[in-house]
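Given chain R's structure and the hints, the job is docking chain G with the ligand onto it.
The chain contents come next:
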Amino acid sequence: MKRETIFELKSLYRDSFRITGLTFGRGEKSACIVGALRGNEVQQLYTCSQLVRALKRLEAEGCINSGKSILVVPSVNTYSMNIRKRFWPTDNTDINRMFPGYELGETTQRIAAGLFDAIKDYKNGVQFASFYIPGVFVPHVRIMKTGYENVDMAREFGLPYVVIRDPRPYDTTTLNYNWQVWEANAFSVYAGTTDTINRGDVTLAVNAVLNFLHKEGILKSSGCAHEGYITKIIAESDLVNVQARTAGIIDSFVPPGTNVMRGEVLAQILDPFEGSVRSQIISPTDGVVFFAQEDPLVYANASVYKIVHM
Amino acid sequence: MIETVTKVDLPVDESLRILKNRIQRGEGRRISIVTGTHGDELEGQAVCFEVAKKVNEHLECLNGTVDIYAALNPLGIDSITRGIPGFDLDMNRIFPGSEDGVMTEYVASKIVGDIKGSDVCIDIHASNIFLREIPQVRINTETAKTLVPLAGFLNVDFIWVHAAATVLESTLAYSLNSIETPTLVVEMGVGMRLTREYSQQLTDGIFCLMRHLGIWSGEVTEPRRPIVSTDGQVQFINAGASGIFIPQVEHTKQVKKGDYLGDIVNPLAGIVEQRILSPCDGMVFTLREYPVVDEGSLIARILEVQG
Ligand SMILES: [Zn+2]
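Chains as they are written, first to last, in this note's numbering: chain R, 22 to 331; chain G, 897 to 1203.
By construction, these hints were calculated from the structure, which means they are not laboratory data.
Ideal Cβ placement from N, Cα and C applies to all residues, glycine included.
A hint or two may mislead.
Label pairs and their in silico Cβ distance ranges [what the hints assert, rightly or not]:
1. G:Ile1140 / R:Val286: 51 to 59 Å
2. R:Ala81 / G:Gln1131: 15 to 23 Å
3. G:Ala1060 / R:Leu125: 17 to 25 Å
4. G:Gly1009 / R:Thr26: 44 to 52 Å
5. R:Asp307 / G:Phe945: 52 to 60 Å
6. R:Ser37 / G:Arg925: 52 to 60 Å
7. R:Asp292 / G:Met897: 27 to 35 Å
8. G:Asp909 / R:Pro276: 25 to 33 Å
9. G:Ser994 / R:Asp307: 22 to 30 Å
10. G:Gly1013 / R:Thr26: 52 to 60 Å
11. G:Val1168 / R:Pro293: 26 to 34 Å
Here are some chain G residues pointing at chain R (derived, C-beta under 10 Å) [unchecked claim]:
12. Asp909
13. Gly982
14. Leu985
15. Ile1025
16. Glu1065
17. Phe1132
18. Asn1134
19. Ala1135
20. Glu1169
21. Arg1171
22. Ser1193
The following block holds chain R by itself, in its conformation from the complex (with noise of 0.2 Å):
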């Protein structure tokens, strides 16, 4: 393993605002794997960690395919984990809206533009992603739809969905749509929380992103137990948003994974000051719990669940 800089800022009072890279392997740029974007991406960065770990054992062990090497990002942004926000300290942008960046421009272009300028060249691109509203989802890939995307090599994650999404305005500037713009085949991995660690979710993304390397011929192998699922491939609009009919706080009853039946109650919504039951959450639809929010207050309209129908 070599650590380096990938792209350092300096400060007028803290320390140098540093990216740091970690290679396995040598030749070809064959993987990228990036973890926390976000400064609240704690489970993203354990996972990261955790991928380090493995591949540190694989490479001592001569897994690696020679010719081939892999650059693991665990933080772009410690600035803001060190002081426990979400995006960047000062102006408040979110650095995975910069893509690809402008290295003359604002100061989050440069971070973006210094990150993509190191990890553009690599032929698959991975990202641990988290949602914008808390919560926890069953560990999944996503895919972007741009005419680039490859859902066959999606699977081979093993991971038990692959959501494929239709693009909005906004992600012309995130890391995963200006990989594959730069003809890099790039992933999506969402697993588990954000701001906590689920121990389980990070085994099974940190399995997947082995796997897909192994299927891919970066590793002669995954250093794995099993290859994960039989991937189910699923398109954002199947999924069942379901939604609090009003505000108050949420008692919840079924967490991602749990299979549901149309009619089933899922949650209550809960007069804050009394106690009484406002509104229940009905599930609309057979299917799994794909997505669950966890803020135990919720504003009316919320998405509380997303379901994938049966």
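For chain G with the ligand alone, coordinates are given in the frame of chain R:
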């Protein structure tokens, strides 16, 4: 009359209301004055106040409808938050919203639905806490043909016709313009402050535009003739070092190429990290207000004068 555009219940014993003041007399056209999408931008507050006050005092001059939406993001204004508190979301990136969407999207769709059909809408912004802006109208090239002539009445100094960007498709102005509700985006002053000179200047401009549209028959001033410019004439100056920016030039001043604009200093060491000189002849229409800068922070924008 104060009307509720939309109301949603918050989790704990409070309702969020988007309000508008509708002042109406006669059958003439309708103008909507909108501000407060970004909770830290307050310059539009004084404009709303001045417009509502003057129209109320001279109702006899009104022929049409003046709708004033002073706070599209009331929670943000109240809590000194630029975005929507609780969602960490820029409200000007969620339009046109969706009736079935989450609270923020629902509110956005109700706002668009309510403003829709105005003969003109003025969306007043106040930069951010970092930069001070000369009163200007920003117009996407796609809508320049319709909007530049209207913007000419607003008594601003500058009209910036900028390139279309995909991310800007989720702004309020883009959404309204795409449903035939001509919307002009004004940027002026600085976040978290009021610049009375600018609010008076824009208020005068709004009455000029209202008069042009036949909504107002009272006396108006002669609008300033703004400079109309495209991206090509705007020079950006970004910080080459982190530090404290100490300006040496006044906002809105004319400068020559090589003029001394300010320093980025290291107060601890007592040294100048970067001396900032003007890259061209022109007018400093954007100037850094917030002293702390990172490498890359915008220091100034200069509207280049073509020699
Ligand atoms: Zn604004």
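Against the structure, the hints:
1. Here the CB-CB span from G:Ile1140 to R:Val286 is close to 58 Å, well matched to the stated 51 to 59 Å.
2. Remark: the range hint 15 to 23 Å for R:Ala81 to G:Gln1131 is contradicted by a beta-carbon distance near 53 Å.
3. Between G:Ala1060 and R:Leu125 the CB atoms are about 22 Å apart, so this pair conforms to the stated range of 17 to 25 Å.
4. At about 51 Å, the beta-carbon gap between G:Gly1009 and R:Thr26 stays in the expected band of 44 to 52 Å.
5. A beta carbon spacing of about 56 Å between R:Asp307 and G:Phe945 agrees with the range 52 to 60 Å that was offered as a hint.
6. The hinted range of 52 to 60 Å is satisfied by R:Ser37 and G:Arg925, whose Cβ atoms lie roughly 57 Å apart.
7. At about 33 Å, the CB distance of R:Asp292 to G:Met897 agrees with the hint of 27 to 35 Å.
8. Checked against the hint of 25 to 33 Å, the pair G:Asp909 and R:Pro276 passes, with Cβ atoms roughly 29 Å apart.
9. In this structure, G:Ser994 and R:Asp307 meet the distance hint of 22 to 30 Å, their C-beta atoms being roughly 26 Å apart.
10. Take G:Gly1013 and R:Thr26: their Cβ atoms lie about 56 Å apart, and the range 52 to 60 Å holds.
11. At roughly 55 Å, the beta-carbon separation of G:Val1168 and R:Pro293 lies outside the given 26 to 34 Å, and the hint is violated.
12. Using the Cβ-Cβ criterion of 10 Å, the hint placing G:Asp909 at the interface with chain R is satisfied: the shortest such distance is roughly 7 Å.
13. Annotation: interface hint on G:Gly982 holds; nearest CB of chain R at approximately 8 Å, less than 10 Å.
14. Here the hint on G:Leu985 is kept, as its CB sits about 7 Å from the closest CB of chain R, short of 10 Å.
15. For G:Ile1025, the interface hint holds, the least distance from its beta-carbon to any beta-carbon of chain R being 9 Å, beneath 10 Å.
16. For the restraint placing G:Glu1065 at the interface with chain R, the shortest Cβ-Cβ distance is roughly 4 Å, inside the 10 Å limit, so the hint holds.
17. The interface hint given for G:Phe1132 holds, since its Cβ lies 8 Å from the closest Cβ of chain R, which is under the 10 Å cut-off.
18. With a cut of 10 Å, the hint placing G:Asn1134 at the interface with chain R holds, because the nearest CB-to-CB distance is about 6 Å.
19. Taking 10 Å as the C-beta contact cut-off toward chain R, the hint placing G:Ala1135 at the interface holds, the least distance being around 8 Å.
20. For G:Glu1169, the shortest C-beta to C-beta distance to chain R is roughly 9 Å, which falls under 10 Å, so the interface hint holds.
21. Residue-level restraint check for G:Arg1171 is violated (minimum Cβ-Cβ distance to chain R is 17 Å; threshold 10 Å).
22. Proximity of G:Ser1193 to chain R holds as hinted, the smallest CB-CB distance being about 6 Å (cut-off 10 Å).
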